Amino acid sequence: QVRLVESGGGLVQPGGSLRLSCAASGTIFSIYTMGWYRQAPGKQREMVAAITSGGSTNYADSVKGRFTISRDNAKNTVYLQMNSLKPEDTAVYYCNSRLGLNTNWGQGTQVTVSS
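In the working numbering, the protein residues as written are 187 to 301.
Honestly, the hints are just simulated from the structure, not real lab data. Quick caveat, the model's predicted, so the values are computed rather than measured. Fair warning: there could be bad hints in the mix.
[As the list claims (entries may be wrong)] DSS-like cross-link-like pairs, simulated, lysine-lysine; straight-line CA separation at most 25 Å:
| no. | residue 1 | residue 2 |
| --- | --- | --- |
| 1 | K229 | K250 |
| 2 | K229 | K261 |
| 3 | K229 | K272 |
[What the hints assert, rightly or not] With beta-carbon atoms standing in for the labels, derived distance ranges:
| no. | residue 1 | residue 2 | range |
| --- | --- | --- | --- |
| 4 | M233 | V191 | 16 to 22 Å |
| 5 | S300 | I217 | 37 to 43 Å |
| 6 | N288 | Q199 | 19 to 25 Å |
| 7 | S239 | G202 | 17 to 23 Å |
| 8 | S301 | P227 | 16 to 22 Å |
| 9 | Q187 | S300 | 35 to 41 Å |
| 10 | S193 | T289 | 19 to 25 Å |
| 11 | G202 | T238 | 16 to 22 Å |
| 12 | S248 | I214 | 29 to 35 Å |
| 13 | G201 | N288 | 34 to 40 Å |
| 14 | G202 | G241 | 25 to 31 Å |
| 15 | Q293 | N244 | 19 to 25 Å |
All C-beta atoms, glycine included, are put in the ideal place defined by N, C-alpha and C.
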């Protein structure tokens with residue numbers, strides 16, 4: 187059973203930065219594709235960024251150039267560095283692990299961008 191625990195969310199002003207972390211346990215972390223998703227009130231959950239076991243990354247168009255996903259396999263942790271935050275980035279951010287049909291989710295962490 188894969189367990190994912192997110193941290194690092196909070197309240198930040200527009201233009202500010204946050205770094206989210208997701209610690210994984212119960213699995214061989216390095217072989218999984220890891221991703222960050224978000225869900226704003228009244229909207230569907232959407233992919234924000236993903237990183238494969240080989241380090242290839244993929245980003246939603248709305249965050250390209252502002253967000254960076256990375257992973258530290260020695261620490262079983264994936265990160266999401268978020269810069270130049272906008273009010274429309276406000277959402278619950280979820281960590282995801284994927285290996286074939288095996289998908290797991292964290293409990294989510296709230297990010298609020300507001301002045």
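Now the hints, each set against the structure:
Simply put, K229 and K250 have alpha-carbon atoms about 20 Å apart, close enough for the 25 Å limit, and the pair holds. Pair hint K229 plus K261 does not hold up; C-alpha atoms about 33 Å apart against a cutoff of 25 Å. The straight-line distance between the Cα atoms of K229 and K272 is roughly 17 Å, inside the 25 Å bound, and the hint therefore holds. At about 20 Å, the CB distance of M233 to V191 agrees with the hint of 16 to 22 Å.
For S300 and I217, the Cβ-Cβ distance of about 38 Å falls inside the hinted range of 37 to 43 Å, so the restraint holds. Distance hint check: the CB atoms of N288 and Q199 are about 38 Å apart, inconsistent with the given range 19 to 25 Å. For the pair S239 and G202, the beta carbons lie near 31 Å from each other, so the given range of 17 to 23 Å is not met. A beta carbon spacing of about 19 Å between S301 and P227 agrees with the range 16 to 22 Å that was offered as a hint.
Between Q187 and S300 the C-beta distance comes to about 36 Å, which sits within the given range of 35 to 41 Å. Hint check: S193 to T289, Cβ distance near 21 Å, so the stated range 19 to 25 Å holds. A C-beta distance of roughly 29 Å is found between G202 and T238, which places it outside the suggested range of 16 to 22 Å. Separation of S248 from I214 is about 32 Å and conforms to the stated range, judged on CB atoms against 29 to 35 Å.
The supplied range of 34 to 40 Å is met by G201 and N288, whose beta-carbon atoms lie about 38 Å from each other. Judged by the Cβ atoms, the range 25 to 31 Å given for G202 and G241 holds: they are separated by roughly 27 Å. Distance hint check: the CB atoms of Q293 and N244 are about 23 Å apart, consistent with the given range 19 to 25 Å.
Of the numbered hints stated above, those contradicted by the structure are hints 2, 6, 7, 11, listed in ascending order.
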